[in-house]
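Colleague: Using the sequences and the hints given, assemble the complete structure.
Residue numbers (my numbering), protein chains in the order written: chain A, 1 to 133; chain B, 1 to 215; chain C, 1 to 400.
Short derived list, chain C residues pointing at chain A, Cβ under 10 Å:
1) 154
2) 156
3) 157
4) 177
5) 183
6) 184
7) 336
8) 339
9) 344
10) 347
By construction, these hints were calculated from the structure, which means they are not laboratory data. Note that the Cβ used here is the ideal one computed from N, Cα and C, for glycine as well.
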Amino acid sequence: MKNRIIIALLFILSGLLIILAPTVLFPVCSAEKMKMACYYSAKAEIGLGGLVAALGAVYFLLKSKEIRIGITIAQFFNAILVIVYPLKLIGLCKNADMACRVKTLPALIVLTVLLGATALVNLFFLAKSSKTE
Amino acid sequence: MLSAERVSKSYKAGRRHVLLDTDFSLDRGEFCAVMGESGSGKSTLLAIIAGILKPDRGVVRLDDQDLYALPDHEMARIHQKKIGYVPQSNILLKNYTVLENLILPFLSAKDQNEEALKEEAVALLEKLGVSDLADRYPYELSGGEQKRVSLGRALLMDPEIVIADEPTTGLDSSTGRIILSCLAEQAASGKSVLVATHDDHVKEYAGRVLDITKI
Amino acid sequence: MGSRRVKNLIRNIRSHAFYNACLLVTISILSVILFAGIVVSRSLYKGMDNMQKRLGADIMLVPKGAKEKAENMLLEGSRSTFYFDASIYEKVAAVDGISEITSQCFLKSLSADCCSSEVEIVFFDPQSDFVVAPWIETEYRKDLSGNQVVVGNSISSEDGKIKLFGQEYPVVSKMAKTGTALDSSVYFTSEAMGEILENAEEKGSFLTEDQKNGGILSSIFINLKAGEKSEKVVESVHQVIGDIFDVVYPKQLHASLSGSLTKITGIVNIISFVLGGLLVLILLIINSILMNQRKQEVALFRVLGRTKRDLIRMLVSEMGLISISGAVIGCLLSAVIVIPFGAFIGRSLNMPYLGPGLAATMVSFALIVLGVFLIVFLASIFFIVHISSVDPYLAMRREE
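Modeller: In structure tokens:
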């Protein structure tokens, strides 16, 4: 029960931070004059962050260990997607001095690592406790 | 075989004298019980003789060797192979099973074979009537069961001398008898047994019963 | 170490999970602070070293009213344009006391690659330049000709070309990162100026007649002869060309920046020291509680025939495992934050900032892990030796 609450909270928090990072906390370049790649990356992160948070809520509600393992695996791949969107799939501004590269990208890197590490550690403990059962 | 010559010990920076110029000796194959009131120095005497409490004055000899003059590794070897000590409180490692509690302290020795040790440990637990608890953890055991495990651990390396501090305190009489019988068996097989107790039942097993105040 | 030994080590650690977790967290926080402090300090100093390349002249003459723009451009890399008439160059060159003189011209551009971002274009004379030319030569030894361009590290180029004012120019070299304003500029020789100004005008850039004729320059860099006073030379230039210029002293800028850097790193060091000291104190407290808890267990092992050395080794191994794990976790956490955010940190501090390379990072990592292990070892060795040496009987009785 304790594990479920803590991990669910971590997932939900990660999801919210993924939404807030490119929009509020470390916003991408202004889209006033022109919508650039980073604008669309930010939109994608909003969707992805929502998914991560929603899966966190589902994680809390479901007791089944197998389902929770599945959700955790999904969150691990979501973590990878957090960084793949801006780096490969959609992109950011090319110039290294731009706000999206100076602020937003590092924030997304940190969130990728935190979410990914949480998922991996949780997977390890869930697998271990499944084995002992 | 084991003797204490004019040993003295005090606590609280000399303000409380527990033993003063006390002499004691234990022969091979003897079962000796030391009795007395609480705080009379029984446990202190046993600890000094067992080599785990250095006296303020006096000498403890084991086979003519001054025990407290030996280097640490020699002392450790004696504790491992020659003297088995059962403390008053049941100190068991809480994260290890009963079987592991018995064998773990001895696994570091180079000449120890883990499988052989395990076999001996299981045999001992059977003798003490707790073999079904081998995979349990200390917190799952009753006080009497823990005491039997503690005794088993002291006997595992087949020591020549067994020293037990209040081995039956707090136990029901049948468990107490199991413990005392086991100790008597050790004495019968040629081991020296020294016990501190205020359990009168020990008189049925011990060959020599001493009053601590008269030593 | 045998796997059974490691398993037992971990089990021993778990048997006092709470206190060991507190130790682990404390050690991790200490490592985070140390790693971040070292990386940030090193990066600031590295950036500062590189800054000197941009500030390699005794005197920089800029048009009147452009002093602040010029200083911001040098220090922060902000894009600016300001112009002199090119004819003053020869007049200034004739002034006594000058050992080296060169001019540069700056132009702002919208780079199509970067969409709405601006790129600073620097035109320099490769024959006389002593400010950027030596820096460029460290990576591109051939002569820059015609419309070839060298770009700073922050400038992106596709297929080895950069588009300026609708025209593509071949990029012959991308410079290594310096953490300074050099990174955000592109460098042409003055030969290319005419063509680029024409293209700029075609694309709608407003240019004066002088600019269109190419008779402009943005700044004159001067190195003085040994023993010459800068005020005297400036006064002589005044007399020759009149009061049409401002003076920037790049080396003074560097000195004041160095002063700021010293203050910043001083603050970083003080914070690290104070926090580090607090954490070591916490470590000592947790250690003493933990060792007290282990006293009975250690006494039991002694009674059962383990040597003091064995027990000390066991306890030191446990401490070692916790301290190394904590240090690794702390350094990784710190690295994940401090390294990606490097440019942001530099910008926030308004200082040149060049993040460490992989080798330097690994060295810092290793040093901190070792350092933290030593700190923890020193903080615990007294307790370890003490509980291994106390009369076992007394240690067992105290717990009852």
